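Undergrad: These protein sequence lines are chains A and B, in that order.
Numbering of the first sequence is given in numbering that gives the first Met the number 0, commencing with residue 0 and proceeding in unit increments.
Numbering of the second sequence is given in numbering that gives the first Met the number 0, commencing with residue 0 and proceeding in unit increments.
One should not assume that every hint holds.
Treat identical chains as interchangeable: a pair holds within one or across any two.
[Stated by the list, open to error] EDC-like cross-link-like pairs, simulated, lysine to aspartate or glutamate; straight-line CA separation at most 20 Å:
no.	residue 1	residue 2
1	Lys188	Asp312
2	Lys326	Glu41
3	Lys333	Glu350
4	Lys346	Glu317
5	Lys188	Glu317
6	Lys135	Glu76
7	Lys135	Asp122
Hints were generated in silico from the structure; no laboratory data involved.
Treat the numbers as computed from the prediction; the structure is a model and nothing was measured.
2 protein chains.
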Amino acid sequence: MRVGVLGGGQLARMLALAGHPLGISCTVLDPAADACAGPVGELLVAPYDDPDGLDRLAAASDVVTFEFESVPAASAERLARRVAVQPPPLALEVAQDRLSEKTLFAELGIETARFRAIGSQADLDDAAGELPAVLKTRRLGYDGKGQLVLREAAETRDAFAALGGVPQILEELVPFDREVSIVAARSAKGDIASYPLVENHHRDGILRITHAPAPRLEPELQDLAERYARLVMERLDYVGVLAVELFQVGERLLANELAPRVHNSGHWSIEGAETSQFENHMRAVCGLPLGSTELWAPCTMVNLIGGVPALADLAAIEDAHVHLYGKAPRPGRKVGHVTVTGGRSWKGVAELAESAGAAAP
Amino acid sequence: MRVGVLGGGQLARMLALAGHPLGISCTVLDPAADACAGPVGELLVAPYDDPDGLDRLAAASDVVTFEFESVPAASAERLARRVAVQPPPLALEVAQDRLSEKTLFAELGIETARFRAIGSQADLDDAAGELPAVLKTRRLGYDGKGQLVLREAAETRDAFAALGGVPQILEELVPFDREVSIVAARSAKGDIASYPLVENHHRDGILRITHAPAPRLEPELQDLAERYARLVMERLDYVGVLAVELFQVGERLLANELAPRVHNSGHWSIEGAETSQFENHMRAVCGLPLGSTELWAPCTMVNLIGGVPALADLAAIEDAHVHLYGKAPRPGRKVGHVTVTGGRSWKGVAELAESAGAAAP
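Here chain A stands alone, though its shape is the one from the complex:
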């Protein structure tokens, strides 16, 4: 099988690495000639909206998938006219608009923070009684960008313009216990397999650490998260791996975001689960049965942000599994991750990661 991937970053790189043992080769399309998936697959260098590039990707692939959700709608449509596309473009459409996403959750009976569409400063002025809240652009926000926390009415003034005057959504600021996420896969036949719910720690809007499974995970909470993922995947006739980011509030889970792709909070599955999220995504989009998502070992995943510690230092830490992406270090850029199995040595890794990130140019 030949899988095309729109985007040639670390997610495409790890998909390609998971594909090789299955005899699945990847062609990735990326605007950057040094895209980090290049060395492990075929790289087509072209903008994501370049008709010729898209057509070459389609011609080189039996099925095309995505490593990011903000794919231009016209590109997804063009691909879908020429080649199988999984997950379905509808999933991209929903996930790239926070209002569609939240509306889908609401329609499916999936609990969320209260939200309302904001189309103008006047809409925002009307909502002054609903603070504290987070104002977000509906589209193209990620890693904490395109967001404003509004705690007092005075802060709403000019906030609509501060976010560029584009369509926005105002979401209630919920005092949550922790951030968690569920990663699940659905096969072309409709079988679903879910990984354990994990606990995520962000800073500056960027994921830093994931504990898998989430500590003190009750079966009821796992069931609830699996139900959310299943409802979304069945509604979208989804094929592939999907992540749902959630806030835990007591025994409740409020859905925050969808990621219609493999997800940073699932990287631990390379070592910690019988089958990784990357292999299961490849299996799903290629029409193969899913592999078991059974937990093999509790893990902590530490992202390497902005800089890479000395490889010898990382390799010397017991049970540390190093994943470097081959990307040039830049402040705030994800350049690798380390998964520590067994729960003992991750703090040492986190310290190394911090100092390397702080030393970034």
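Position chain B against the provided structure of chain A, taking the given hints into account.
TA: Showing chain B alone in chain A's frame:
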């Protein structure tokens, strides 16, 4: 780091796949333009004794290693004058001559079957009283080629010529309980880590199935095997992964062969151990600390010989981890392997492998 590999087959392919997450890139030298490691690294197409090809490999590498032991001595020397070479060329020299290998074992006090050098038909006639025995060419034998089992004196007639009249070795045919092997790694600092002893099943001289660990493995037997590997590696100042193939006779282990490289009987370690033999070989030759060889799950590895079953059939088997090499099927050719964790489902895989192999053209 940049690692050069002489040979671009499945071992180089799996080394390259293990290297990418560590930020280690591989350049492989192989005479075949379709060498199966090509898609996961840089491929230099040249004969193994081509000076220009060797020099290009050396120039592209911080360290050069090998996926097979029958490297021409002049090639190893040429590389070693230009770039670091690990394991040391001496290990290749020993391993590519069965007499040197057995002599080394004897010098180190490692038990073997009785053996004697055969340089002529007259030598063989002298040894007629030592049958049953196996006559082997000293060099370039593998997968059961270049061997004759001699049970009666009459069979020795013309046997020297039948094996090409090259230098040979006659080894006592020992009635053994089972074939086992140990894979171990030694770092540049001299640290050693060993995988559990495994049980191997051959047919027609080709490895078919490995059970890891070997069933009913007593700690004393593991200790003995680890001692053998350690003695060999320390004597050779070895850096990298090494395998010793052994016959078990009661509580004794008779050393049969060295493989100064990653080994087919260690493929299970990709899933079954904390760190795979491929990653540990890369760590060792790059001067990094070794990773833990701790067992994660008992495994059975089934080789795919001559043909590949339908991927969907393999993927449907619980706990089956598929590794295809991207090689064209040919009778007797290793084209992939499947590692089954947990010991339950391997027979189903073995049946699929048998029927695909039998269907080979």
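Undergrad: Hints the structure violates: just list their numbers, smallest first.
TA: The structure conflicts with hint 6 only, although it agrees with all the remaining ones.
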